[in-house]
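Asks: Start from chain Z and add chain C according to the hints.
There are 2 protein chains.
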Amino acid sequence: MQFDTSGDEVLRAGYEAQLNWTTALVEDLKTEGVIRQDVPTRWAVAQIDQLIWVAWTAVSEWGLSPDDTATLAQSTLLDGLGNLSPPRQRT
Amino acid sequence: MQFDTSGDEVLRAGYEAQLNWTTALVEDLKTEGVIRQDVPTRWAVAQIDQLIWVAWTAVSEWGLSPDDTATLAQSTLLDGLGNLSPPRQRT
Numbered sequence: 002m003q004f005d006t007s008g009d010e011v012l013r014a015g016y017e018a019q020l021n022w023t024t025a026l027v028e029d030l031k032t033e034g035v036i037r038q039d040v041p042t043r044w045a046v047a048q049i050d051q052l053i054w055v056a057w058t059a060v061s062e063w064g065l066s067p068d069d070t071a072t073l074a075q076s077t078l079l080d081g082l083g084n085l086s087p088p089r090q091r092t
Numbered sequence: 002m003q004f005d006t007s008g009d010e011v012l013r014a015g016y017e018a019q020l021n022w023t024t025a026l027v028e029d030l031k032t033e034g035v036i037r038q039d040v041p042t043r044w045a046v047a048q049i050d051q052l053i054w055v056a057w058t059a060v061s062e063w064g065l066s067p068d069d070t071a072t073l074a075q076s077t078l079l080d081g082l083g084n085l086s087p088p089r090q091r092t
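Protein chains in written order, with the numbering used here: chain Z, 2 to 92; chain C, 2 to 92.
Okay, chain Z solo, but in the shape it has when bound (with noise of 0.2 angstroms):
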């Protein structure tokens, strides 16, 4: 197995950059209250990058619509799987 590496610098720059990115919007959401105060910020930055990915998998390999999809990775975030926590509407 081997990959082409010529891209690697730019992808890690550019991936570097979205985490950046990512970092401050979470500690936003953490002062306005929409993510609890708790929760660790490097833990937060994970699941939503993580959800990017997945969100993506499901529209491009599962077939769901990208508009189910982006509501299924905001009520995954916000409110959890769990049946105790049915996703709340937020406007």
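What the hints contain is simulated information worked out from the structure, not anything from laboratory work.
What you are looking at is a predicted structure, and each value in this text was computed from that prediction instead of being measured.
One copy or any two copies: either way a pair holds, since identical chains are not told apart in the list.
In silico lysine to any residue, SDA-like type, Cα no more than 20 angstroms apart, as pairs:
1. K31 <-> L78
2. K31 <-> I49
3. K31 <-> L85
4. K31 <-> L20
5. K31 <-> N84
Replies: The following block gives chain C in isolation, referenced to the frame of chain Z:
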């Protein structure tokens, strides 16, 4: 960049076995009403799969305690990170 591929088949088989086990777990949790019925099983499996990896990183690299991380992983899965849905006691 090159990887040693000698263990690939074993790794893949182990990972697939773990995903099959997680899929059966998610189906049970949906039947028991712990995870909402409207959540696609593959989506829930992907969430558990990533939480295992993020939790491992949190303990091994960020210095979170195993107990705190397990609690955080469970509340992330079932209750989310949102301020409107603080983790509930599940017994």
